[in-house]
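S.K.: Listed here are the chains, written in short residue letters.
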Amino acid sequence: MNSELIVFLVLSLVAIATALGMLFSKNAVYSALFLVLNFVTVAVFYLLLGAPFLAMSQITVYAGAIMVLFLFVIMLLGAENLKPSNALPWQKPLAILLSVILGVEATYLLLARARSSLSVTSPDAALNTMDSLRNMAETLFSQFLLPFEITSILLLVAMVGAVVLTRAEKGAAK
Amino acid sequence: MTTPTYTDFYTLLPYLILTVWACVLLLVDLFIPVGRKGITAFLAALGIAVTLGFSITQIGAESVGFSSMVALDGFSTFANILLLSSGLFGIALAYGYTQRFNMVRGEYYILLLFSVSGMMLMAQANDLIIVFLALELLSIPLYVLSAISRKLTSEESGVKYFLLGAFASGFVVYGTALIFGATGSTNLAAIFAQAAAGVTSGLLLTIGAALLLVGFGFKVAAAPFHMWTPDVYQGAPTSVTAFMAAGAKIAGFVALFRVFATAFPSLAPELTTILWALSAVTMILGNLTAISQTNIKRMLAYSAIAHAGYILMAFVPYGNAKVAPTAIAAGLFYLVAYAVSNFGSWGVVIALEKAEGKGLEIEDYAGLAKKYPALAAAMTVFMLSLIGFPPTLGMVGKFYLFRSALAGGFPGLALIGLVTSLLSAYYYLRVVVNMYMKEGDPEIEREPWLALTTGFTAIATVVVSFVPQFLFMLAYTAVMR
Amino acid sequence: MLLEYIAIGVMILVATLIAFIAIGLGGLFGPKKPSAEKDTPYESGMNPYGEGTRRMPVRFYLVAVLFILFDIEVVFFLPWAIAFRQLGLFGLLEMVIFIVILLIGYVYAWKKGALEWE
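Chains as they are written, first to last, in my numbering: chain A, 1 to 174; chain B, 1 to 481; chain C, 1 to 118.
Just so you know, these hints were derived from the structure itself, not from any lab.
Each residue gets a CB set at the ideal place from its N, CA and C atoms; glycine is no exception.
Some clues are possibly wrong.
Okay, the calculated beta carbon distance ranges per label pair [unchecked claim]: (1) A:R167 with B:M227: 28 to 34 Å; (2) A:A106 with C:L28: 47 to 53 Å; (3) B:Q469 with C:F77: 52 to 58 Å; (4) A:N27 with C:L103: 36 to 42 Å; (5) A:E105 with B:K322: 39 to 45 Å; (6) A:A106 with B:I291: 33 to 39 Å.
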């Protein structure tokens, strides 16, 4: 047993525990906080897989910004303590059905993988260095230069949209 | 490190001009007092006009730029010119409307500029990543514009459009991911090369292409992905509806054509059947549901759905190299015809609309002919054009569409198109009957830009229908590159 | 390979420890004379009523959205900073354009009063 496997197993337990905690919390704010923990755990998984950039975005964007938005929405709507009766009646059976399908699919893939000669190899150690990040950056800023700049326009438009929808024109007749 | 060259910039010049203009206008607008937002409207229109001028000089030019992420060719230039013109009409219709309904905001025009720029990017996209970014760039301003009047119906429309649009974007992203998984590339030409070389997983590629089709189906309001259309079109401010009915549809179809014709010709056997079914279902559903509508905005929304079906007809034979250019050219021609009649008819709707959503029932058109004969005549022209009745652009467009469907070996589809067109006469003519044969006392708003738009589109609808060959040849050369 | 990130792990550990130590020390050395009066949320104010949590005004939402947008901007900075030398002057120019575009949004939001609380 190498150290990575130990880290993986421990983190898996944490990830599953936080996911369950999120599902079964009665208070939506607790659910959201469990989700933050879950996101952070997943970010470490990304590090294990040799994807430091993904790990970093996972923490800044998901665990940071998106979760802040989640919390705001929960508090905005006063939805911390929704009664269970507010759930859609078909939601639970459907969710169970879908997760069973997903579980069967994952198990099948796992077994198929085990039977085949392909074995799961841990990613190259060299991958998980700053070099991989640097390579990604060089591709992003040369080949994908245009999408990168368009993203900034997209963010600008989103910003304008957010301001337009929440702020009335100053001095305009309402 | 490769730095962009002149060719890169030239390829994307129309988009770049419009984007820079919009960004600068956003800052300039901050210093324009609330009472004088007409200046913003004028500057926005000027920006579009300048870009339009550049686009026209690019007719016949061909290049790719930014690591083949964007392409400039006859097709994209044709689409750019059409989209920019739609933007101009959109501003003309909005100018008076926003003042009358007390929703004047400089951002209206700026968001419209950004939306047009996204549509143009869509027309030039040569890579699925750009397709996705363009889709978002054209959609986000439309979501905001739908909700801009801050009335309950408008906000409902914005939220609905946003949720379903985000859902559709999800399909596009997922499809892109599967296609990337199958071929290892997001570049349209590279996807085709991989598929032709047979090194891909065919199933994965087909599923990916189908998911893209679903995403675009949402955008162009094709059945069964059309459910949002009536509510959004009805709730949004009418000037926004007019713009998005034309612009989003053009952009969606243009992207659909480029992606499918460039990247997936090898999937034609599977996809043709799907496209056939989509087209048929959309025509039937749109027209049948439109019959029972009493609200003109809802009726025109269902009419927009039905027309998505007609335009889809042009895509059905896309894998057949012999027929495809003519069919696609017919599709482009019909997009022009639809855009013109669309702006005209929504212009008339705007002229009759009153505060609190009054003046939007078809009964409110009773007696229009006696009091305002010119406006009633214009509306008649648009209704005839939407039916496909001579002498209008719509009739010529449908003729080309049905002809290409027949040439592609789909007589059944042409027949469905013909029957549904006859069916559609019932609800379009009801408006005409109301205007000419019923008694009533409608009031209209007289706004110079509105009058100019409806007048211009009405005349164009009739006049161009007498010399359609030249427009069709333009579309045809655009497709042939 | 995770060893590369050991420094981050140590930092998290130390940060957590400091928090615990700060709270623990206070509990250890501080004088404790609890009474019912002292434990009320507002010791000398009026009695609290209603829920402890209440609905937040929509204004927070705008702040959150603006935060997300600038956060995503930051995500692009990391790879850019790491490859800064390789990217050279052109890379700098790219980032400047990116920042200028977002700066326009910032100026816009500022002028429109989106950052004011009124």
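S.K.: For each hint, tell me whether it holds in the structure or not.
M.R.: Verification of the hints:
1. Taking the beta carbon of each, R167 of chain A and M227 of chain B are about 31 Å apart, inside 28 to 34 Å as hinted.
2. In this structure, A106 of chain A and L28 of chain C meet the distance hint of 47 to 53 Å, their C-beta atoms being roughly 49 Å apart.
3. For Q469 of chain B and F77 of chain C, the Cβ-Cβ distance of about 56 Å falls inside the hinted range of 52 to 58 Å, so the restraint holds.
4. Distance hint check for N27 of chain A and L103 of chain C: the Cβ-Cβ separation is about 40 Å, which falls inside the suggested range of 36 to 42 Å.
5. Taking 39 to 45 Å as the suggested C-beta distance range, the pair E105 of chain A and K322 of chain B conforms, at roughly 43 Å.
6. The hint said 33 to 39 Å for the Cβ distance between A106 of chain A and I291 of chain B, and at roughly 49 Å that hint is violated.
In terms of the numbered hints stated before, the structure departs from hint 6 and from no other.
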